[in-house]
Amino acid sequence: MTLRLENLCITLAGRVLAKLDLTVSGGNVLTIMGPSGCGKSTVLAALIGALPPAFSMRGRIWLDGVDVTQVPTHARRMGILFQNDILFPHMSVAGNLGFGLPGNVTARRAATDAALSEAGLPGMGARDPATLSGGQRARVALMRTLLSGPRALLLDEPFSSLDSNMRASMRQFVFERATERNLPVILVTHDHDDARAAAGPVINVMGERIQL
Amino acid sequence: MPHPRGWSLVPWVSIAVLALPVLAGLVGVVAPAFGYMPALGGNAVSLAHWQATLSWPGLPAAIRLSVVTGVAATALSLALTILIVAAWQGTRSFVWVTRALAPLLALPHAAAAFGLAFLIAPSGWLARAASPMLTGWDRPPDLLIVNDTWGMALIAGLVVKEVPFLLLMTLAALGQTDSLRTQLVARALGYGRVTGWLKTVLPRVYPQIRLPVYAVLAYSMSVVDVALILGPTRPPTLAVQILDWMTRPDLAMRFQAAAGAVLQLALVLGVLVLWRLAELAIARWGRNWAASGERGVMADRGLRPLAALGALIIGAVVALGLAGLVVWSFAGLWRFPDLLPQSWSLRNWTGQMGSLGPITRDTALIALGATAIAMALSVSVLEAEARGNKTHAIALVYLPLIAPQIAFVPGLASFALVLGLDGSRLAVMALHLVFVLPYVYLSLADPWRAWDARAGLSAQALGAGPWRVLWAVRLPMLTRPLLIAFAVGFATSVAQYLPTLLIGAGRVTTVTTEAVALASSANRRLIGVWAAVQMALPMLVFALAILLPTLIFRRRQGMRVT
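Listed in order, the protein sequences are those of chains A and B.
Counting along the first sequence from 1, when you hit position 197 you're at 197 in the UniProt record's numbering, and nothing is skipped either side.
Counting along the second sequence from 1, when you hit position 76 you're at 76 in the UniProt record's numbering, and nothing is skipped either side.
The following block holds chain A by itself, in its conformation from the complex:
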């Protein structure tokens, strides 16, 4: 699987915020680094098709050779993890996982059970997400995204809300899952450790290489 940004240029009121022309192939992680407010998250919003109306975008987004630039968010199959896990508070853990699973999958229980086991939470499907620890919630959020069958994974500072000892294991957990599934990954962060752990190229929002 491949994610390609072709001459992507995001502007706000005529000012160029981000300029990217790159390809991420399956199993690789591209890191976009920069201080807060530099427009990193805006790039991800553009990639999932949720750019706020004040911004404008030129260029194309290709996913597995298909131009998805005009495809609405829900049909784009671009998985995303935010800084907070955003588990739906009114659903159980299994309910959250089931929400991610496409409607045409029939063996739903088996799929969510397998996802729970993979996240190290076997048998915890009936739990209230609010009763899980931060790390557990983050893993559920990842599994929910993976169950939706994405063709790329976008990470919007997903480790910054975890405490430091949890952060390393969560990074490893996420990158392993992405590699297994051969997903192209774009990680947005301001944390050097995140970027090092990603072990891929590191750029800023203008597409310039950054040396760590």
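Source of the hints: derived by calculation from the structure; they are not laboratory data.
Note that the Cβ used here is the ideal one computed from N, Cα and C, for glycine as well.
A few of these clues could be false.
Said to hold, decoys possible - Ranges between beta-carbon positions, derived for each pair:
| # | chain 1 | residue 1 | chain 2 | residue 2 | range |
| --- | --- | --- | --- | --- | --- |
| 1 | B | A453 | A | L212 | 47 to 57 Å |
| 2 | A | G14 | B | V185 | 32 to 42 Å |
| 3 | A | L212 | B | V13 | 49 to 59 Å |
| 4 | A | G27 | B | L184 | 45 to 55 Å |
| 5 | B | R92 | A | A130 | 17 to 27 Å |
| 6 | B | A543 | A | L22 | 38 to 48 Å |
| 7 | B | L365 | A | N104 | 51 to 61 Å |
| 8 | B | V273 | A | N7 | 55 to 65 Å |
| 9 | B | R276 | A | S56 | 36 to 46 Å |
| 10 | A | A130 | B | A323 | 36 to 46 Å |
| 11 | A | G123 | B | A316 | 32 to 42 Å |
Starting from the structure of chain A, add chain B where the hints point.
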């Protein structure tokens, strides 16, 4: 993102539901005021009805009463609300007070007015508590306390209900004004609590509560049910007199009522303009005052207890008043000045069972129907807005709240009479919708917009289309505010007096029209029964709205109120 065309029309459906009846009603009042209403035999434009209205001897006094009670009730309510917030915002007792006052929104004006009347009447608890030791009375004194000619009881009845309303509106506005930090900065600069708040927070909060204040002003000047219960009688306020003309058997009097309604509308508009001018004058004076450097530290000593006292009195009056209604409804023999009845009885209730059942059912059905439609419309408008179809015309939701009912409902009643639509439950429900929709929409709009949009984005990124996001994520997550909005709508419908009376034409009655109809009777036990039901019905729905989410989401900590 592409938007289907239809969504841009959605807000206009709601605007039409709100605005068309008001406009039609105004036409139905202005035309007959000038003699034109062919269906009622008025074919020629004339000023005869104006002459009749203007030559009514009670008119100057009625106008004076309407203006004085309306303006005094609004000014007092606003002043007390501002004082309570300025003196106590940010303290624990403030949180407690606002929570205690919130359910009062669900209380119909008429029930609160009856409660107050029972409390202050010559045979009420206040007189009983003070007799005979303090007063020397061994029988109820022959004093005109309720329905006093000055309209004091009417003003008090309005203040008791409008302070909680304005307080909640102010609270909603405070959330958007960074008020706590602003106040903190002012205090760090050496300002007293109240003075600091008035100088720094009020100028930003007032523009946001301006429309609710205008609604209170228009309502207080033209209210009918509260004025029937607490207001003066000879002459009554203008609105009550219009209703009297409107409901005379002689249909020709409707022309005179129409002229009165136009006069009432002009009166309200005129006073609104004066209020606006007063706002400007106070703002100009306030700017100088704010720059004067006066810290007002000492003022807190008097004003903070005063505000607390005001809130306490309102709470006590409502609680004792409502308790009084219930006690009277179960009272057998009750001698003056005993604090409690000698004997208790279910007879007051059993005697009414035949009509209580069907009328309560009709009241609930009308309220459920109107509220359900209002919910559907409000959610569509807000969802259309979320999908990029926002229109500023939605500010028109305030139209039915600011246009006095007495100025346009008679017009609608005339049309309904001519078209044969009066006296049907459906017509009453349709008109209730006009007043329910604004409250449901306003109650829902803030939580709807405050919802964490990233939950929707997450759902979309997981493959959920806009409808699934709405049904499976947004609506369930907003269960609590949705149910509260429903309860507010339900209470609004139950409380409607004038629309029910005029469109129901005596053939559709609700607990409110029944209770208010008893106002002129001296039968406290009977009033107690009906007012208790009128109070209990919306309170019950409110209690359900608070309990149900707790029950449904008892295993979901993330859905608790924070």
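Cross-check of the supplied hints:
1. B:A453 to A:L212: 47 to 57 Å: Check failed, 34 Å falls outside 47 to 57 Å.
2. A:G14 to B:V185: 32 to 42 Å: 36 Å Cβ-Cβ, so the 32 to 42 Å window holds.
3. A:L212 to B:V13: 49 to 59 Å: holds (57 Å)
4. A:G27 to B:L184: 45 to 55 Å: Holds - the Cβ-Cβ distance for G27 of chain A and L184 of chain B, about 52 Å, lies within 45 to 55 Å.
5. B:R92 to A:A130: 17 to 27 Å: Taking Cβ atoms as reference, R92 of chain B and A130 of chain A lie about 26 Å apart, which means the hint holds.
6. B:A543 to A:L22: 38 to 48 Å: violated (58 Å)
7. B:L365 to A:N104: 51 to 61 Å: Given range 51 to 61 Å: violated, Cβ gap about 43 Å.
8. B:V273 to A:N7: 55 to 65 Å: At roughly 59 Å between Cβ atoms, N7 of chain A and V273 of chain B fall inside 55 to 65 Å, so the hint holds.
9. B:R276 to A:S56: 36 to 46 Å: holds (41 Å)
10. A:A130 to B:A323: 36 to 46 Å: Holds, at about 40 Å.
11. A:G123 to B:A316: 32 to 42 Å: Because 55 Å falls outside the window, the suggested range is violated.
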